[in-house]
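Visitor: What follows is the residue order along each chain.
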Amino acid sequence: METETIKKLLHKYDKGFTTLKEEELLRTYFVSTKTIPDSWLVYRSFFGYFNEASAIALSNTEKKWFSFRPWMAVAAMLAIAVTLYLNPPSNSSILTPEEQELYYAFDQFQNNIKRLSLNLNKGTQQLAYLDYWDQTTKKLIK
Amino acid sequence: MQLIADKQFLDQIQQIRDRIFRMSKRILISREEAEDATQEVILKLWSMGKEKRNSFENIESYSLTMAKNYCLDRLKSKQAKVLSLNEQLSQRPSHSLQKQVEVRDQMRWVTQLIDQLPEKERMIIQLREIEHYEFDQIAHILEIPEGTVRVYLSRIRKKLKKQFLKIQSHGN
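Going down the list, the protein sequences come from chains Y and E.
Just so we're aligned, residue 1 is where the first sequence starts under the numbering used here, counting upward by one.
Just so we're aligned, residue 1 is where the second sequence starts under the numbering used here, counting upward by one.
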C-alpha cells in the first residue's frame with residue numbers, strides 16, 4: 001500500500017507538482033526505508049544527498065580568523081626592512097644626563113668589583129703558597 | 001555604523017547564516033569562497049543599520065537574495081571559476097565494491113551532477129530540495145516569476161534523474 005502512495009508521489013514529484021509536505025514524506029521514506037524497488041534507487045541517492053546537504057553548517061568549520069598566507073611573509077619582511085631603514089640601530093644612542101650618569105656609575109662599580117676580585121685571587125694565591133710553605137717546613141722539622 | 005553588536009542582530013543572523021552559507025556554497029562550490037561570501041553578506045547586513053534591517057518584510061529571503069547577487073558577481077571573476085574547477089576535479093567518482101562505499105559514490109555523483117548545472121538551476125535545487133522553501137518564496141529570493149521556478153524545477157528533476165541513470169549504467 002505504501003509503495004503505491006510513494007509511486008504516485010514520485011510521479012507528481014517529477015512533474016514539480018508535489019507540495020513541501022509531500023516532498024518531506026518522500027524524503028522520510030527514502031532515508032529510512034532499507035529495501036526499495038531498484039528503479040527507485042536513483043531517488044534514494046538524491047533524497048539522501050538533499051538530506052545531508054541541508055545539515056551543512058558554517059559552524060562545522062568555523063572560519064579561522066588568522067590563516068598564514070605566503071604574502072604575509074613578504075609583508076613581514078618588508079615591515080622589518082622599513083623599520084630598520086627608518087631607525088637604524090646605533091651604539092651612540094641619545095641618552096639623558098641622568099642615564100649617562102647611571103652608565104658611568106655602573107662602569108665604575110664594575111671596575112671596582114673587577115679589581116676587588118683580582119686582589120682576592122692574589123690573596124688566595126698567597127695563601128696557597130703559605131700552605132705549601134707550611135707543609136714543607138713541617139716535613140723538615142719532622 | 002554601530003560598533004556594539006546588538007543581541008537582536010546576532011539572533012537573526014544565527015538562524016540564517018547557515019542558509020546563506022549553503023546558498024553561497026551552492027553557487028560558488030568552493031567552501032572557502034562560500035565562507036568569505038557569507039562573511040561579506042553578514043557584514044553588509046550589519047552595516048546597513050538596525051532601522052533598515054527591520055524595515056524588510058523578510059530578512060531571511062532578503063539576505064539570501066543578497067547572497068545570490070554577491071556570489072553571482074564573484075563567479076564572474078576569473079579567480080572563482082578556477083577554484084570551482086579545481087574542486088570539481090578533486091571530486092571525481094571512484095569505483096568500489098563495498099556497498100557502503102557505493103552509496104557514498106552515488107552521493108558524490110549527485111554532488112557532481114548538481115555542481116555541473118547552470119547557476120540558476122543550482123540555486124533552485126538548493127532553495128527547494130535543501131532549504132524547503134515554497135515556490136513564491138523561491139521566486140522572491142531569486143527575483144524571477146513563480147511559474148519559471150516551477151517549470152525549471154520539473155525540468156531539473158527530470159534531467160538529473162536521466163543523467164544519474166546514465167552514469168550508473170556506465171559505472172556498473
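No lab work stands behind these hints: they were computed from the structure.
From a predicted model like this one, the values you see are computed outputs, not experimental measurements.
Yeah, the Cβ is synthetic: ideal placement off N, Cα and C, and Gly gets one too.
Treat the hints with care, since some could be wrong.
In silico lysine to aspartate or glutamate, EDC-like type, Cα no more than 20 angstroms apart, as pairs [unchecked claim]:
| no. | chain 1 | residue 1 | chain 2 | residue 2 |
| --- | --- | --- | --- | --- |
| 1 | E | Lys-76 | E | Asp-105 |
| 2 | E | Lys-161 | Y | Asp-107 |
| 3 | Y | Lys-12 | E | Glu-32 |
| 4 | Y | Lys-34 | E | Glu-32 |
| 5 | E | Lys-161 | Y | Glu-101 |
Here are some chain E residues pointing at chain Y (derived, C-beta under 8 angstroms) [as the list claims (entries may be wrong)]:
| no. | residue |
| --- | --- |
| 6 | Arg-22 |
| 7 | Tyr-70 |
| 8 | Leu-75 |
| 9 | Met-107 |
| 10 | Val-110 |
| 11 | Gln-112 |
| 12 | Glu-129 |
| 13 | Arg-150 |
| 14 | Lys-161 |
| 15 | Leu-165 |
| 16 | Ile-167 |
Over 10 angstroms on every C-beta distance to chain E, these chain Y residues come out as not near it, computed from the model [said to hold, decoys possible]:
| no. | residue |
| --- | --- |
| 17 | Ala-53 |
| 18 | Ile-80 |
| 19 | Thr-96 |
| 20 | Asn-111 |
Visitor: Now tell me if each hint is right for this structure.
Guide: Here's how the hints hold up against the structure:
1. Proximity of Lys-76 of chain E to Asp-105 of chain E is assessed by CA-CA distance (about 30 angstroms); at most 20 angstroms being required, the pair is judged violated.
2. Between Lys-161 of chain E and Asp-107 of chain Y the alpha-carbon distance is near 89 angstroms, which puts this suggested pair outside the 20 angstroms criterion.
3. Only pairs whose Cα atoms come within 20 angstroms are accepted, and Lys-12 of chain Y paired with Glu-32 of chain E is rejected, the gap being roughly 37 angstroms.
4. Restraint check for Lys-34 of chain Y and Glu-32 of chain E: not satisfied, since their Cα atoms lie roughly 35 angstroms apart, outside the 20 angstroms limit.
5. Proximity of Lys-161 of chain E to Glu-101 of chain Y is assessed by CA-CA distance (about 89 angstroms); at most 20 angstroms being required, the pair is judged violated.
6. For Arg-22 of chain E, the interface hint holds, the least distance from its beta-carbon to any beta-carbon of chain Y being 6 angstroms, beneath 8 angstroms.
7. A distance limit of 8 angstroms between C-beta atoms decides the matter here; for Tyr-70 of chain E the minimum to chain Y is near 15 angstroms, and the interface restraint is violated.
8. This hint is violated: Leu-75 of chain E has a C-beta 19 angstroms from the nearest C-beta of chain Y, more than the 8 angstroms allowed.
9. Using the Cβ-Cβ criterion of 8 angstroms, the hint placing Met-107 of chain E at the interface with chain Y is satisfied: the shortest such distance is roughly 5 angstroms.
10. Hint status for Val-110 of chain E: holds, given a least beta-carbon distance of 4 angstroms to chain Y, under 8 angstroms.
11. Violation of the interface hint for Gln-112 of chain E is found here, the shortest Cβ-Cβ separation to chain Y being roughly 11 angstroms, above the 8 angstroms cut-off.
12. With its C-beta approaching chain Y no nearer than about 4 angstroms, Glu-129 of chain E sits inside the 8 angstroms limit, and its interface hint holds.
13. A least Cβ separation of about 5 angstroms between Arg-150 of chain E and chain Y falls short of the 8 angstroms threshold, and the interface hint therefore holds.
14. Interface restraint check: Lys-161 of chain E against chain Y, minimum CB-CB distance 6 angstroms, threshold 8 angstroms, status holds.
15. A distance limit of 8 angstroms between C-beta atoms decides the matter here; for Leu-165 of chain E the minimum to chain Y is near 6 angstroms, and the interface restraint holds.
16. Using the Cβ-Cβ criterion of 8 angstroms, the hint placing Ile-167 of chain E at the interface with chain Y is not satisfied: the shortest such distance is roughly 10 angstroms.
17. With a least CB separation of 5 angstroms from chain E, Ala-53 of chain Y falls inside the 10 angstroms interface cut-off, contrary to its annotation.
18. Listed as outside the interface, Ile-80 of chain Y is consistent with that label: its C-beta sits roughly 29 angstroms from the nearest C-beta of chain E, beyond the 10 angstroms cut-off.
19. At the 10 angstroms boundary, the C-beta of Thr-96 of chain Y stays outside the reach of chain E, the nearest C-beta of that chain being 41 angstroms off.
20. Distance check on Asn-111 of chain Y: its Cβ is at least 58 angstroms (rounded) from any Cβ of chain E, clearing the 10 angstroms threshold; non-interface status holds.
Comparing the model with each numbered hint stated earlier shows that hints 1, 2, 3, 4, 5, 7, 8, 11, 16 and 17 do not hold.
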